[in-house]
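Chemist: Those sequence lines, one after another, are chains A and B.
FYI, our numbering numbers position 102 of the first sequence as 102, with every residue one higher than the one before it.
FYI, our numbering numbers position 96 of the second sequence as 96, with every residue one higher than the one before it.
If you're looking for bench data, these hints aren't it; they were derived computationally from the structure.
Model, not experiment: these values are computed from the prediction.
Honestly, I wouldn't trust all of these hints.
Said to hold, decoys possible - Now the stretches of chain B that chain A is said to cover, found in silico as 3 or more residues with beta-carbon under 8 Å: (1) 27–39; (2) 90–97; (3) 102–111.
Every residue, glycine too, gets a C-beta built ideally from N, C-alpha and C.
Residues per chain are reported as follows:
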Amino acid sequence: AQSVTQPDIHITVSEGASLELRCNYSYGATPYLFWYVQSPGQGLQLLLKYFSGDTLVQGIKGFEAEFKRSQSSFNLRKPSVHWSDAAEYFCAVGSNSGYALNFGKGTSLLVTP
Amino acid sequence: NAGVTQTPKFQVLKTGQSMTLQCAQDMNHEYMSWYRQDPGMGLRLIHYSVGAGITDQGEVPNGYNVSRSTTEDFPLRLLSAAPSQTSVYFCASSGVNTEAFFGQGTRLTVV
Chain A
1 AQSVTQPDIH ITVSEGASLE LRCNYSYGAT PYLFWYVQSP GQGLQLLLKY FSGDTLVQGI
61 KGFEAEFKRS QSSFNLRKPS VHWSDAAEYF CAVGSNSGYA LNFGKGTSLL VTP
Chain B
1 NAGVTQTPKF QVLKTGQSMT LQCAQDMNHE YMSWYRQDPG MGLRLIHYSV GAGITDQGEV
61 PNGYNVSRST TEDFPLRLLS AAPSQTSVYF CASSGVNTEA FFGQGTRLTV V
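So that you can see chain B by itself, here it is in the shape it has in the complex:
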């Protein structure tokens, strides 16, 4: 049972580069979310989705895009990376009346 799988685990980008963080879940969950974790800040919500084709912004959406074409996948795109986006990114999925299940995270460094 894989649960929530995030790839890559580590990534270094140069300022201005683009990339996509992948997130896949195999639990047939309707809901998926992206968070970023910075020291002393806890986890902050970037974007979330309540089903295929439906996404919404969280607390810190600027600089990030998402789409949800399938139930299983919820990729996070950085169009033009900035040093302020250096962080650890977590994807989570959940179902009705369940808690959120988290992936192992992607550690991103933008230089």
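Only chain A is shown next, with the shape it has when bound in the complex:
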């Protein structure tokens, strides 16, 4: 069965510090992986996606993620966090057509001055 695990429910970082959000997945076929961000009261915005090819994926807002098949991981990184990055982050796995996604439970990011 498909599953996605985000081990960290909450993360607090200082503005300007680096960030890594963890995501582990279990998926029987070739995984198609996504990171979404959600600000309070808003919908979900795609940060980046991995379908195939280069395992280091660049996204919007300075985020990147690395697909590691041997570790079943797709961790999200940002070298320097801004206060506006405070939000909920969701990792998801599914088909290359983006439907019937399986989401992790999310990581809430707090950014301190």
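On the provided structure of chain A, position chain B as indicated by the hints.
Modeler: Okay, now just chain B, sitting in the frame of chain A:
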């Protein structure tokens, strides 16, 4: 470019009432999905559709019905609302080799 439009944005229902959450997309996407979001649970798939006339159940389908008569619309029906269906509902659409595009959500409270 409207993308995915959900209506209403907010709704309060009494237990046992029925209602339909509307979802429309203008991107000519084949695939559409409904999710519910509860605190600490992430998003869970309710139903999805891979084309007009074709629907299938997701992880939490009980208490919900869907149909897909057109490419653009994918309504979610609650036949007899229960307090356990209090949640935020998201509709999403996607095409071949695209990510899912989400609506702004419907916040439903069942009292």
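Chemist: Run every hint past the structure and note whether it holds.
Modeler: Hints, verified against the model:
1. 27–39: Since 5 is at least three, the answer is holds.
2. 90–97: As far as the region 90–97 of chain B goes, the hint holds, because 6 residues have Cβ atoms under 8 Å from chain A.
3. 102–111: Answer holds; 4 residues pass the 8 Å Cβ test.
Hint check: no violations occur; every hint is consistent with the structure.
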